[in-house]
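Chains as they are written, first to last, in our numbering: chain A, 42 to 255; chain B, 2 to 252; chain C, 9 to 253.
The set of hints was computed from the structure by calculation and includes no laboratory data. Where hints are given, some of them may not hold.
[Claimed, not checked] Which stretches of chain A does chain B cover? Using the computed rule of at least three CB atoms under 8 angstroms from a CB of chain B, they are: (1) 101–110; (2) 177–183; (3) 207–218.
By construction, the Cβ of each residue, glycine as well, lies at the ideal position given by its N, Cα and C atoms.
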Amino acid sequence: MIAVEDVGFRYRKASRPVVDGFSAVFPSGAVTAVTGSNGCGKTTLVKLLTGIERPGSGRVLVDGADLRPLSLAEIGRKVGCVFQNPARQLFCTSVREEMAYGLRAQGLDDAEIARRTEQQLDFFGLLGHLDDFPLHLSHGEKQRLMLAVVLAMDPEYLLLDEPTTGLDLPRRRALGEELRALAGAGRGVVVVSHERAFVTAYADTEVRMGEASV
Amino acid sequence: MSAAGGGSAAPAVRVNGLSYAYGVAGYVLHDVSFSVPAGETVVVTGSSGCGKTTLCHCLTGLAPKALGGAMTGTVSILGDDIEPLAVPAVSKRIGMVFQDPDNQLVMTTVEDELAFGPENLAVEPEEIRRRVDRELGRFGLERFALRSPGELSGGEKRLVALAAVLTLDPPVLILDEPFAHLDERGRDRVRAAVLDLSASGRTLLIVEHDLALVDFAGRYLVLEQGRLVADTATPPALPAYAAPPRLEVPA
Amino acid sequence: MSLARLDPRPKLLFVLCVSTLAVLWRDPAWLAALLGLTIVVLLAGGVDPRSTWSQVRGVLQVVAILFVVQCVFVRSGEPVVSVAGFTLVTTGGLTMALGVTLRLLIVVCSALVLLTGHARDYLLALVQCRVPYEIAFMVMTAVHFLPILREEALDVYHAVQMRGTEVAKAGVRERVAVYAHIALPVVAGALRRAEQVSLAMEARAFRALPRRTSMRRLTLRARDAASLAAVAVATAAALAAPHVL
């Protein structure tokens, strides 16, 4: 379970906090949706859950451990994240390299890296793209590649920021079913989305973030 | 608005046997033909990668003129083949609002953004001012006139991008996924603006895959792998989400 | 007279003239006088010292470091400060350091004059001074997209770490590898963005005709013309002064 306890956060130079006294839990084995209109702090919550930003007050606990002293690399082993724009997360020159990067950092041997790469790319229908340049893939393919990359690293939690952006309906449906399957397999899935229909169809619970007070 | 077509009998848009290929990647559009009478609102739909955006680029002459690639067939706007026309002549006939507002808003104030197009066409300053004020008023953007477009919300940026094309007075307007990346509030605002334009007699082509957002259109063109597979007056049935099964949403 | 209400052209001329003098002059006394004059212009023009201070504080730190470095590394002239028989600072070093520091401060302070106006007015001013619109437009677009590039680079930097790279513990070689990884999507993204911007601009008839008009036009009022003349005369006098005195 990821627990957010009474977290407050304010950007440098900002006059008021984006997130103020916010608490929520994101359980394992379920899809939790985070909803709210633009500017309510959803993107900031993603940054707080991945450790990109650290809370000004309160704490974020992953399986009971405070994130504060952990590095991004340490948090990344527990919480995998797919950004709204996966093109900003793909930084290798081939799909194969992209898959291997995080696994090598975990100290896995080549055989295990190859096994996981094949397993994930097969699941996401990308095996044919092994030697392609990741940034040349379509938006949908980039997103599936990022899911494969993150899932190969075997995190306990998966965090997706506006994953339906730029996907058409059949692809959204396929994504929703994947997320359900991952939750069914015991992972905690957090989906930040403003797409009501998607949230209603695929989320177990919903965390609503309030309007930023004017 | 009296901008649409006048009394001429030529359709606003006529596409005849249009095929288009980028470099070596093969055909993106294949033998597409259709025509749109002046004043009609048409939705172009289809799954990702079906060629919708490429069709927009062909209609505005950006493909092949700016993008390269090979095009066969003809595109006529208001009765004239656009192939021999220079860019300014095309941009007076057909305007396009691109998907990502951040990549089409470049000036430091909203009012300069709206003036950019007519300034490029060397329109007289008083006339530019008149058009800018008209479009600011149409979308209720007057109070943002001196703000930087970058500071606005997603929905407001979309409206500015739309207004910035409308100051060129194009009788035909293409909107490429005007609702993408917007929250519900932003969608409502943009939808109201698009509805207004549709009712004003302008010829509108809207690229959109969420047909619920464009249920006011009179006609739907469906593209599949670069081919026009349907041209109907009723929204084509598209796959819906799985029925919501499980736990209830807590209040 | 408020700088905020002044035409942008006298301000551009002021920055140009003051920076030129700062580069030409070598005598710290003259440079100090020029810095003093610039500050007087800022204060008299209604620039708020407190908010300005927060904007220049970072630059001042760099200037201070440069001062110390110059002091220590230029070894000509008489010793000024010695520690245990070792000469730390010399007169040559001090003069050199003072000169460099004053020049930097003059350039920074004179540029602050520009902050009293809006970017759109400088663009218009440059165009009205016959700078080709394409060049003025390019500069403006570059400035516009810099923050976006920075944000993209930060995203990739975080993404690399989230894939298990401990940047804080990385050696020089690993760091270089990380920067190479960051450059890839940032450059690719910038190219894609440039293409999309140019398409959107082309659709709005950018560079379609040899001539373009401007909705707004800057007109020189009496006080703007007077300011232009004052800056020009003062600069001419300042250039002549060392020969006359």
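request  = Report the numbers of all earlier hints that the structure fails to satisfy, in ascending order.
outcome  = Structure breaks hint 1 only.
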